[in-house]
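Number of protein chains: 4
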Amino acid sequence: MLIQLKQTCLPDQVACIIDKVKESGYKPASVKTASNHYLVCIGSAEVDIRTIGHLPGVKDVYVVEDSNKLVSRQWRVNPTQIDLGEGVTISRTQFTIAAGPCSIENEEQVIKTVSFLKKQNISIMRGGIFKPRSSPYAFRGLGIDGLKFFSKHCRANGIKVVSEVMQVSQIELMYPYVDIFQVGTRNAQNFNLLDELGKVDKPVLLKRGMSSTLTEFLASAEYIFSSGNEKIILCERGIRAFEKEYRNTLDLNAIPYLKDKSHLPVFCDPSHGVGVREYVEPMALAAQMAGADGVLLEIHETPEKAASDGQQTLNFQEAIQTFRRLRMGDAMRKNWWND
Amino acid sequence: MLIQLKQTCLPDQVACIIDKVKESGYKPASVKTASNHYLVCIGSAEVDIRTIGHLPGVKDVYVVEDSNKLVSRQWRVNPTQIDLGEGVTISRTQFTIAAGPCSIENEEQVIKTVSFLKKQNISIMRGGIFKPRSSPYAFRGLGIDGLKFFSKHCRANGIKVVSEVMQVSQIELMYPYVDIFQVGTRNAQNFNLLDELGKVDKPVLLKRGMSSTLTEFLASAEYIFSSGNEKIILCERGIRAFEKEYRNTLDLNAIPYLKDKSHLPVFCDPSHGVGVREYVEPMALAAQMAGADGVLLEIHETPEKAASDGQQTLNFQEAIQTFRRLRMGDAMRKNWWND
Amino acid sequence: MLIQLKQTCLPDQVACIIDKVKESGYKPASVKTASNHYLVCIGSAEVDIRTIGHLPGVKDVYVVEDSNKLVSRQWRVNPTQIDLGEGVTISRTQFTIAAGPCSIENEEQVIKTVSFLKKQNISIMRGGIFKPRSSPYAFRGLGIDGLKFFSKHCRANGIKVVSEVMQVSQIELMYPYVDIFQVGTRNAQNFNLLDELGKVDKPVLLKRGMSSTLTEFLASAEYIFSSGNEKIILCERGIRAFEKEYRNTLDLNAIPYLKDKSHLPVFCDPSHGVGVREYVEPMALAAQMAGADGVLLEIHETPEKAASDGQQTLNFQEAIQTFRRLRMGDAMRKNWWND
Amino acid sequence: MLIQLKQTCLPDQVACIIDKVKESGYKPASVKTASNHYLVCIGSAEVDIRTIGHLPGVKDVYVVEDSNKLVSRQWRVNPTQIDLGEGVTISRTQFTIAAGPCSIENEEQVIKTVSFLKKQNISIMRGGIFKPRSSPYAFRGLGIDGLKFFSKHCRANGIKVVSEVMQVSQIELMYPYVDIFQVGTRNAQNFNLLDELGKVDKPVLLKRGMSSTLTEFLASAEYIFSSGNEKIILCERGIRAFEKEYRNTLDLNAIPYLKDKSHLPVFCDPSHGVGVREYVEPMALAAQMAGADGVLLEIHETPEKAASDGQQTLNFQEAIQTFRRLRMGDAMRKNWWND
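Order-wise, the sequence lines are chains A, B, C and D. Using our numbering, you'd call the opening residue of the first sequence number 695 and step up by one each time. Using our numbering, you'd call the opening residue of the second sequence number 695 and step up by one each time. Using our numbering, you'd call the opening residue of the third sequence number 695 and step up by one each time. Using our numbering, you'd call the opening residue of the fourth sequence number 695 and step up by one each time.
Hint data in this document are derived by calculation from the structure and do not stem from the laboratory. For glycine and all other residues, C-beta sits at the position ideal for the given N, C-alpha and C. One or more hints might be untrue.
[To be verified] Here are the computed lysine to aspartate or glutamate pairs in the DMTMM-like style, where the Cα-Cα straight-line distance is at most 25 Å:
no., chain 1, residue 1, chain 2, residue 2
1, A, K938, B, D1033
2, B, K893, B, E939
3, C, K938, D, D1024
4, A, K1028, B, D760
5, D, K938, A, E972
6, B, K1028, A, E972
7, A, K700, A, D1003
8, C, K1028, D, E759
[Unchecked claim] Chain A is nowhere near these chain D residues, computed Cβ spacing over 12 Å in every case:
no., residue
9, A832
10, A850
11, T879
12, E890
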């Protein structure tokens, strides 16, 4: 059961509602986000929700049978839209392309990439400055200095910045320079990080853990939401299975599933999902047809010289074709949906 | 190394070529198919292939580094086309839709389905008459009697029949009534069955084993080809992974991979691949964009009454929409490819 | 529900019991094995089993909630024992070691191995004569001629023969020469083969499919049992998971599970389960402590020269140590069980 | 290549060695731990290591081909021993049992458990005070207050404390009260946490990520070591595979592999590895025979009332039997190893 409180709900009223919920055999958790106040009620007793709906201070009450409550579409039927400002919006009604290099390498690279993206009308740039690497001896990213010039050039051109945050202490450092915090697959169940990102007023792009079930994936999103942040983007990026011919096994089944069960926007990262440059475009198009609301694409002027992930990175020429085809695919989808 | 012999190659010439191959440190296997004669040469010695190319009786000689030789695109660059007669062709230039019930249940069902498919311009009908079932007490299909009326109504309407064969002894029984033999996921490494299907002059639709690597999948196709049958269709149908919200995990990465590595046509079965009716259409469209040359769709007039797999079966109304969208997707792809 | 009929049960009585079962909302399947007659009743209606227990001809009736009925321990509490003759028995009270080469290569090899096994008091020899191979160009085994001399030397020395059968037509050929038919992992869901092995009066060693769930594994055993053969040995041999440092991922959790849920003896094949010679002994000992009733071990006088699987095969010296340790482990277990 | 420097090595000498390493085509990383100074040299050039071995300040130089250097047994042949004080040592020569509840629930529980463990001669107690939970609404542990009384009663009785740390900020808080920091499966690739634990002088018990390959698992240990902490215990706790009858799939193959490739002690957690109380003892014994140097066991006076994981927790009576059998198993192993 999920109770949405009125903005005007008084502390006394909240206390009274909580008492009533407990009497009904449920355990309430109070969740305040930037825009709303909820009581998430865990339990399985039978209850006539109208008796709660009539209490003073209650805006609405919903039966939510999913184990993950706040992120469920059982109560919020209209999909979540995320407004990034300057006309950039993430939603189910328009396909989003975010692109950029795996790692930010130097300012020149940023300038060239920003210029390319602007010409291509891409309004979100991805780029890693803190890099999780399997080996402690590998390149771990430029750090906050890299983020500063990455952000500077993007802002000068109306392009939004998405970059991975790896630990709690980086949130404050990165906050002034990013528009979307990305959580990587290895931190998908780093619950303390998720909790802290719940206290931030910027969106979080949450990648699926490489062995997370979809229930666990939604539970990770529930952590962020229940700590106060409603602006979450789910991102399928491939799971770990037995096949070794590609880096990960992109699980596109997840896309219609997540769109069905949750009101959050759903992205796909085909670059990591397949990990082979020649197969990135078909998998991006496939993700779109499966229903993705956006893609993250790794691009680089000269992938063969990239500091990381070159083998799965499109060059600019390839990217132009992929962008064009994704836009044609989006137009076709929109026709269907408006039928 | 793969040597293609001339049709006119004499036994003496073959013997001489074999001697030369052995001298070079390779082990040759002679493969005669309906249309060609090959020597598949296993080994890794360095050899100047021109010395073999000049021998009398040799049509062409190729270096094939893939472990699977005959199915590799390293020697046959032009994709395989399969002609089913009456204008029905399977190829990479045109998207194929095959549809029908999981199980053939009775003649009335066949009549209705054939009539529906004909109206929809679908020229291949699928339907199981020997059903592999996990439990020995479950419905195992109507058997050969079901196939007879299934085939009769299809032929009367110019529709081709694809149905699963489960054991060697069924091949001869089924032969007069099917146009494509289907090998199911549980028999994907039933090598004796594959060998026998190599001796047949009708195409084989080979499903990927639910835990087959792609190298193993191609090796299963190599069994059929090396026993004499070049008409093979590969079909991705989902692998077994950890996610339990859907029946299988459709591995669409496999599609661009298989099209890249092999000259055989590549199909997808989204009905089994996701196993949830609402998600079948998006996954069919996704498979198409990933590059599939065709799909197998489970359809039924009243899925909720189907003898098997109703939960993943489209009703006729849903199927009409899916067919239309697949055709629009195909048109879009063709434009791209003809750019 | 499972009904065991008396040996003296008359056809009329069977018919009457079947009527009663159907009236109760169950679907009965009559199963006759070499030693017993059962009615396996599928359904979920509530029924007072005493009303059936009192019918003439009924020996006993059991509630079996497991989806697999005949192999379940819910009705047969005492574990199945399998008597191979000449004092060789497979059971839960005594640990069985079966050993031998992956492939039978020649008569000399058989003579040496038999002599070694006899000296080591091992009474079951394994050896492949029909080999399932991923590549059609690999060595596929000596075939029935190899089996003849393999069997001859074993019989002369009181050693029982276990060898893999790959297709229905081989059953009759192999029957005179084997004591146990082995079904390999790739045929674990080859239901026609399982059905036919149900009609044989020799035991079947059934390996788990490399991606079979345990429910599916038991269903495969149920196929054999329900076709008439009660003598089944389950064998865990490793599943397919993501780790690539070893050939398979040996799932020893399966052993206590299978012993808990089924009355059948449970073996383990650590040679395939880990696939690395140095790790075979620890995994054999681990399987024993997990509760296995026996192991299959690949041994060879000179593993480095073996026709197949040399990298996972113990030489005779290593085998002697492993046998000794397994016997010490068995003695320790017996002490615990007799506490 | 791995260079161990003398304790007396002067800065000038280090600089000179580093120059020489770079000249040889390697990239050196300087690693100082509590007891040693290393240069980890990444590269693949051919080099005569004697030319480096003769440089002033070099204690020894090793060729280490494994991708993980410091944790490899290629240079440190003698296994790592970890001294916890008061006679408690973790090593390959003696089997360690650590036991305790999943969650610390209250002081009375701690008192009873400590008393039980003392009577059973168990010298390490496990217990969670920060609990990673899939759902944000589940019990997340007592926190630092729980740890204080947990630690107090253990210390009064000579029992060592192992407890999970979930984030960097908890390290300092927990430091005074724990003897071993545990890293859970969800944080196995939380590289910042691993880096910080490298700066601590207490041992770290590192659990394998539920989808970590063994190379990745060792890389996580390499993070800790290369940040300065040599005291690491590896712990296999089950991977995520397709089987759903148990919580995880315990991968015991990992145990002989890790002992072969690394000098670090290797533990096993059968409680999480199988997740079913009845199967915990056989899997603990199996882990021991596979070569584990110790086990973590979940025990509780009344598992059915435990705050978490009751279904996989042994009661005291069951634990007594398991401890006794593990000790008998250990005695048997020692006899073999001393042969």
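Hints and how they fare:
no. : hint              : in the structure
1   : A:K938 to B:D1033 : 33 Å, violated
2   : B:K893 to B:E939  : 40 Å, violated
3   : C:K938 to D:D1024 : 30 Å, violated
4   : A:K1028 to B:D760 : 42 Å, violated
5   : D:K938 to A:E972  : 36 Å, violated
6   : B:K1028 to A:E972 : 19 Å, holds
7   : A:K700 to A:D1003 : 48 Å, violated
8   : C:K1028 to D:E759 : 45 Å, violated
9   : A832              : 9 Å, violated
10  : A850              : 31 Å, holds
11  : T879              : 9 Å, violated
12  : E890              : 9 Å, violated
The structure shown violates the earlier hints numbered 1, 2, 3, 4, 5, 7, 8, 9, 11, 12.
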